[in-house]
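Assemble the complex: chain A is given as a structure, and chains B and C must be docked to it using the hints.
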Amino acid sequence: MNIKWKDTRLIYLVIFLVIFGTSLTPITLPLPVVQWSKEFYKVIDEGVTVSVNPDNPRHFAGVKEGTRVMILNSGETAKLWGDMSEAVKAVWTDLRRRGAHILLWSSSVDNQAILDKYLIPYFYGLDPQSHSDYGVSFVDLGFVAGGNALLEQWRTSLRAITPVDRYGNSLADIPMMQNFDAMRIDCDLIIGLDARGLESIYVIRYNTPVLEMGGTDSAGYLALSYTAGYFQGMIMGQRGGAEYEFLSGIPGRASAYMLNSMAIALIVTVAIVVGNIQYLMSRRET
Amino acid sequence: MGQQSQTNIVQELPTILGVIGLFIIASLYWTEPGWEGALVIRNATTLSLPFATIITVGLLIRRHARNIIRREETTPYDAITIGSAVLIVLLGLVGGMADPTMAALYANVNVIGTMAVISAISISVFSPMIRIYRAKTPIMGFLILLSILALFTYTPIGEMIHPAIPRLGDFVQIWISGASDSAFWISTYIGAVALITRMILLKERLRP
Amino acid sequence: MSSPIEPLMPYLNTFVFFAAYSVLYKDNPMYRFVQSLVVGIGAGFLFMAQIDQIVRILVPSLPQPHAVIALVMGVAFFCIFIPGLINIYRAASILVMTVGIGIVLPYGVAITWTATLGYSQRLFTGLGPFVAGICYALGMSYFLFTGRLEKPTAPLRTLGRVVLLVYTAMCISMTALGKLNLIQWKVLDALWGIPSTWFIPVGIFVLILIDAFVYPFLGVKKAKEVESEA
Chain A
186 MNIKWKDTRL IYLVIFLVIF GTSLTPITLP LPVVQWSKEF YKVIDEGVTV SVNPDNPRHF
246 AGVKEGTRVM ILNSGETAKL WGDMSEAVKA VWTDLRRRGA HILLWSSSVD NQAILDKYLI
306 PYFYGLDPQS HSDYGVSFVD LGFVAGGNAL LEQWRTSLRA ITPVDRYGNS LADIPMMQNF
366 DAMRIDCDLI IGLDARGLES IYVIRYNTPV LEMGGTDSAG YLALSYTAGY FQGMIMGQRG
426 GAEYEFLSGI PGRASAYMLN SMAIALIVTV AIVVGNIQYL MSRRET
Chain B
2 MGQQSQTNIV QELPTILGVI GLFIIASLYW TEPGWEGALV IRNATTLSLP FATIITVGLL
62 IRRHARNIIR REETTPYDAI TIGSAVLIVL LGLVGGMADP TMAALYANVN VIGTMAVISA
122 ISISVFSPMI RIYRAKTPIM GFLILLSILA LFTYTPIGEM IHPAIPRLGD FVQIWISGAS
182 DSAFWISTYI GAVALITRMI LLKERLRP
Chain C
7 MSSPIEPLMP YLNTFVFFAA YSVLYKDNPM YRFVQSLVVG IGAGFLFMAQ IDQIVRILVP
67 SLPQPHAVIA LVMGVAFFCI FIPGLINIYR AASILVMTVG IGIVLPYGVA ITWTATLGYS
127 QRLFTGLGPF VAGICYALGM SYFLFTGRLE KPTAPLRTLG RVVLLVYTAM CISMTALGKL
187 NLIQWKVLDA LWGIPSTWFI PVGIFVLILI DAFVYPFLGV KKAKEVESEA
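Residue numbers (our numbering), protein chains in the order written: chain A, 186 to 471; chain B, 2 to 209; chain C, 7 to 236.
Mixed in with the good hints, there may be bad ones.
What the hints assert, rightly or not - To give an idea of the interface, some chain C residues facing chain B are shown, with a C-beta separation under 10 Å as derived from the structure: (1) 69; (2) 72; (3) 81.
Please keep in mind that the hints were generated in silico from the structure rather than gathered at the bench. Even for Gly, the Cβ is constructed at its ideal location relative to N, Cα and C.
One chain only, chain A, in its complex shape (with noise of 0.2 Å):
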């Protein structure tokens, strides 16, 4: 056997088993709440006033039976899905717990075939236009093309440009889309999974209130509408999925991906500590 422990493979091989390792017996530690994700339960719970265009400030009032919720899977969600998985369950949980009306729109079909795989069934079966909820507080526009275009479009007239459901079905004769087109006006709260733009698009001017979420490393480029002012609170990862168990008291499994993380943070602050050690007495010997 020839080892030779400068072979940068072995670092993966050990990340690996740590990450088994920690799966096997998942421990719930204690983590403090984030600002933006105590601010992300705010809003769902008590509401907030949007007033980024100041001619026309909007009050929300939380998520109540009727409110009309839209969710926006458009960004990596499903290259981000293991960072996310329990969060937005935490979250759908919560909006169907306070009775809010869901309109699910995915931006490419990754996004659409992640939910359908791991999410929709879990809230809905496995043939969600038959459930109870479908059309009455449920309706998914699954894929449609068009990005930020389609957005745009969406915020005076949803149903110019996309007439139907993702079932052919007509959205003018679904009961839940009867006071539910013209998202500028129509559209309670937007919640962007990932999604990017929001904020010019609906935040400047019409001040819809706008809460994200995303994977762990999202929030590098979701800070800016954070700190800018434009989101009202952002979820960001497993670890965001267990602060929202936490706050909502909605009982999930986020939390077990703790311990694997803070295993393999140990172990890189180590490795750094003692390469820098080796390096400073390496200088002094020199």
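Here is chains B and C on its own, set in the frame of chain A:
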């Protein structure tokens, strides 16, 4: 001389029309509900996007087919790519988009495989973190400390050591990193406006 | 309605995930097989999804003007395959580019204005907003000022660089942590899902160990190259 300037105008025509067109479309942002003609063009473009995607898929398949014809080293893999694409198309044509076999293959192979590749590429960042994060300059030392702060903030370690650690990390992420992100993106937007200005001055050309 | 191949899917799903992950060890036939399958199935599905878009959304909208023009543009795109008609394809492409830029262009103006206004209005409302306002200005100065040392703006630009590096450092750590969750999500699924498929990643892991330390068979050429480099 006259002929030359005429040729120049013909060459610049797509750019001139493009610039005029983009300002007409851009004006929709500030008009409610917007000019009818511009709205029709915008919505027509949106609805035409599936055709462009179909062509992209066609070009991809053509590339793999050429590899097979040329008997490149990758032929077995090209055959798998084309074979699986054809299989999915056949399933779709027979069963429609609701075909459960097609949906199952897509969700369990494509979506999962893409997620795995993305995660593999991204966690490879741990290797350079371990190997080259050395405090060779004060700034580098500062950045290493910040990286460790982020690791401690977004895992339970920080809270277990001292509650002030995640609070500090949260502060850095929201107020410093967030503002820095703003500066980065807004500078990009300013760059885009500069590019459009160059197009107006006919210093850049619009080409497909 | 479920597919007859559905019972096999958990196994295929787990194999695809960990075979793709094995690329971190090295480029190997298992990874390349999965990669080809991912690309092929993705291309086929994307093709069918676009056909569905046309049938489900475009066709019912006919003969409205936007739908008719979309259809004409769609036909124009296909001129890419006919050299004599390539200019028709170019015209359609330029139209798409024009509309795309036209939609996005105002976003930059609107965000630049509202974000700058927001940061300045909130500047003295607390420590966080104050730090954010200063960091925003410094970050912008990195992009807007030149790097010439004799200029009075040089120190601002240097500080702007530090602010942007803070962002980079935070992003690197968070990206790495986030992507670990993707792997753990699948490991948890393999361990606790029904049916349990944990033996697939373990098998791949053992295969990698044998290849690395006993007998190189996952792409023999590459293993030798790695050894010679080491």
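Satisfaction of the residue 81 of chain C interface hint, Cβ to chain B closer than 10 Å: Holds: closest Cβ of chain B sits about 8 Å from residue 81 of chain C, inside 10 Å.
Agreement of hint residue 72 of chain C with chain B interface, Cβ distance less than 10 Å: holds (4 Å)
Interface hint outcome for residue 69 of chain C [beta carbon to chain B under 10 Å]: This interface hint is violated because 13 Å lies over the 10 Å limit.
Against the hints set out earlier in the document, a violation occurs for number 1 only.
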